[in-house]
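With the hints as extra help, turn the sequences into a complete structure.
Chains as they are written, first to last, in the working numbering: chain A, -4 to 495; chain B, 12 to 163.
Keep in mind that the hints were calculated from the coordinates and are not lab data.
Keep in mind that the hints are not guaranteed to be accurate.
Dumping the calculated SDA-like pairs for lysine to any residue here, alpha-carbon to alpha-carbon at most 20 Å [said to hold, decoys possible]: (1) K98/B x W436/A; (2) K86/B x A391/A; (3) K435/A x I116/B; (4) K42/B x K380/A; (5) K49/B x K380/A; (6) K435/A x R150/B; (7) K44/B x G239/A; (8) K435/A x K44/B; (9) K380/A x D34/B; (10) K49/B x A391/A; (11) K49/B x E429/A; (12) K383/A x K49/B.
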Amino acid sequence: MERSEEYIKNERKQEWRVELQKLTKAKDRMAIERVEMTEMAPEERIKSQRVEVNVGLTKEQAMLEATRCMDCVNPTCMEGCPVSINIPKFIKNIERGNILEAASVLKETSALPAVCGRVCPQEVQCEQRCFYVEKLNLPSVAIGHLERFAADFERESGVISVPKIAEANGIKVAVIGSGPSGLSFAGDMAKLGYDVTVFEALHEIGGVLKYGIPEFRLPNAVVDVEIENLRKMGVKFITNYIVGQTASLDDLREEGYKAFYVGSGAGLPRFMNIPGENSNGIMSSNEYLTRVNLMGADSEESDTPILRGKNVVVVGGGNTAMDSVRTAKRLGAERAIIVYRRSEEEMPARVEEVHHAKQEGIEFLTLTNPIEYIADENSRVKQIKVQKMELGEPDASGRRRPIPMEGSEYTIDATVVVVAVGVSPNPLIPNSVEGLEVSKWGTIEVVKDKMQSSIPEVFAGGDIVRGGATVILAMGDGRKAAKNMNIYLQEKYLSNKVEH
Amino acid sequence: MKEFNSLEDILDFAINEEQMAADFYTELAGKMKHQEMKDTFEQYALEELGHRAKLEAIKSGKKYQVSEAKIADLKIADYLLDVDVDKSNITYQEALILAMKKEKIAFRLYNDLASAATDEPSKKLFLMLAQEEAKHKLRFEVEYDNNILTEN
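Structure representation (structure tokens):
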């Protein structure tokens, strides 16, 4: 699993790679324009929550885009990938038309390539470190699009490879939470021969990939195929099982589990604590998205349909806010509005998501902050009192903070409000396990890069440690934890000294 | 409004206020269910004792100045609801709200006292105290801005 420089260099010297390198001159590679992802037309896609926005690349498009890749001696793109995918190797396999092999390369280090190809912020990770960006100031190779293409091609071909699995060692490990971090960890531990069981509190596997990210960005079927692949690798899944409630960590110890990976996420919504926030019609983005994505509450036949409205206001500027506001549009809102207290440049949402939202007719009220909700006689929200903000002088950290403008208050109509101003870690495990060190933010404290908590056999990663991050960073944590838990368990139970 | 007969009187009042704030946080720490929040409020109590020490140094003769520069006011505390201090499971978000609101009340008090002061030395001292409280409030507002208002 480890990617030494020597390994990367030797891979690059393989005959087929050398032949490809010679096949097209560098200047001809550089002359190719970056591929444009085909998208569904905005007016079409807003008719359904389940029509994916990005359509994907054709094989011809992908092979041409792969030709742009220079197969660098020092592939800096890999340094930008939290799970260390061998990027040039998978791309060069696409260039030579061996797409199934490209998919197999992805799976060497990533449990969820079709997911990452869709939701990773590649523009600030691998693609930002691409030769084209760093040395030529040109658009990077479309690594994310190619990753998605290879993973989709394999899934659609029906010929799905299963990574090599080491001989079973009989050691049971438990994973708490089936989000990206837990799945990534489970995949790596299964490859190492461990007996892995994932416990999930909800009725569906996938965590935030299912309840958080809407299907127009990430279809559930795509997630399910990746989960099925983990099953084929021997990973067991138990749903409707809340560790810390259904059973404690001690109960699981008694059942023979020798170590634990806590990836229980940040599922606790955060509110602003402003007057009127308890009015009817105001909900967290967690609730809004979970009910639509996981419970099908957008269906006319649903027993508990989601509240729809003419004017839906979403508070926040992150990806969750974009997912919520675009969902509202698809549910028929005449006006779907983002209210964000900073400027557009500071929005944490991916540029692509903001672009798609604008295409879909989402309105943006930036440098605007809600200060009070006004309800009608039935305690239903009807208006939001907002205040205009301006960016202050840079402070000691160099950051310009938003400051309210005196006398700038006004109201906007709102029939539904979705609050997407951040999340807190799920408190169940941090509060129920004796001896587990927890930060003031409620996150589990771990030894950095080892992901080991104050209890030696308990490792943790993803949002329960970071408090709110990306899918790929959570996956990276899962991989680090697997590597270090393997060392811990080998030394404790298998009497093998492992090189650190 | 409270009467002050000397600058020493004003400083004694302010020192006592800081001690009361420290005692308030220490008591809150004792009530908290979770260790991390006990630690948080103990830390806040220590910060208040630090403020007290600073004022004691002034009382002992250390020079002070009223800065010309205005301390930034992010006004985050202005619109947030009060926190219920009787519960034992205060979150860190609530702890920050509580702290910034307390600092804001103190800032207003000293500002009002400065406006009401009839002699220049007392006015200057109150303004310095108000500035100190504004700085403390900003410290909590910046932490709130950086960590709570993160918009996922």
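- Message: Checking one constraint from the list: CA of K435/A to CA of K44/B, max 20 Å. Satisfied?
- Response: Holds - the C-alpha atoms of K44/B and K435/A are around 13 Å apart, at most 20 Å.
- Query: Taken at face value, is the distance from the CA of I116/B to the CA of K435/A at most 20 Å?
  - Reply: Violated, because 25 Å separates the two Cα atoms, which is more than 20 Å.
- Item | Distance restraint between K435/A and R150/B, which requires alpha-carbon spacing of 20 Å or less | Measuring from Cα to Cα gives roughly 17 Å; hence the hint holds.
- Item | Satisfaction of hint between G239/A and K44/B, Cα-Cα up to 20 Å | holds, 17 Å
- Query: Is the hinted pair K49/B and E429/A satisfied, with a Cα-Cα distance of at most 20 Å?
  - Reply: Judged against 20 Å, a Cα distance of about 16 Å means the pair holds.
- For the pair supplied as a hint, K49/B and A391/A, confirm whether the alpha-carbon distance does not exceed 20 Å. violated, 29 Å
- CA of K49/B to CA of K380/A, is that 20 Å or under? violated, 36 Å
- Message: Does K380/A sit within 20 Å of K42/B, going by the straight-line distance between their CA atoms?
- Response: violated, 36 Å
- Verify the proposed pairing of K86/B with A391/A, using a straight-line Cα cut of 20 Å. holds, 18 Å
- Hey, K383/A versus K49/B, does the alpha-carbon distance stay inside 20 Å? The hint is violated at about 37 Å.
- Are K380/A and D34/B close enough, with their CA atoms no more than 20 Å apart? Given pair K380/A, D34/B is violated - Cα atoms ~37 Å apart, limit 20 Å.
- Message: Please verify whether K98/B and W436/A have alpha carbons no more than 20 Å apart.
- Response: The hint holds at about 18 Å.
Hint violations for this structure: numbers 3, 4, 5, 9, 10 and 12, all remaining hints satisfied.
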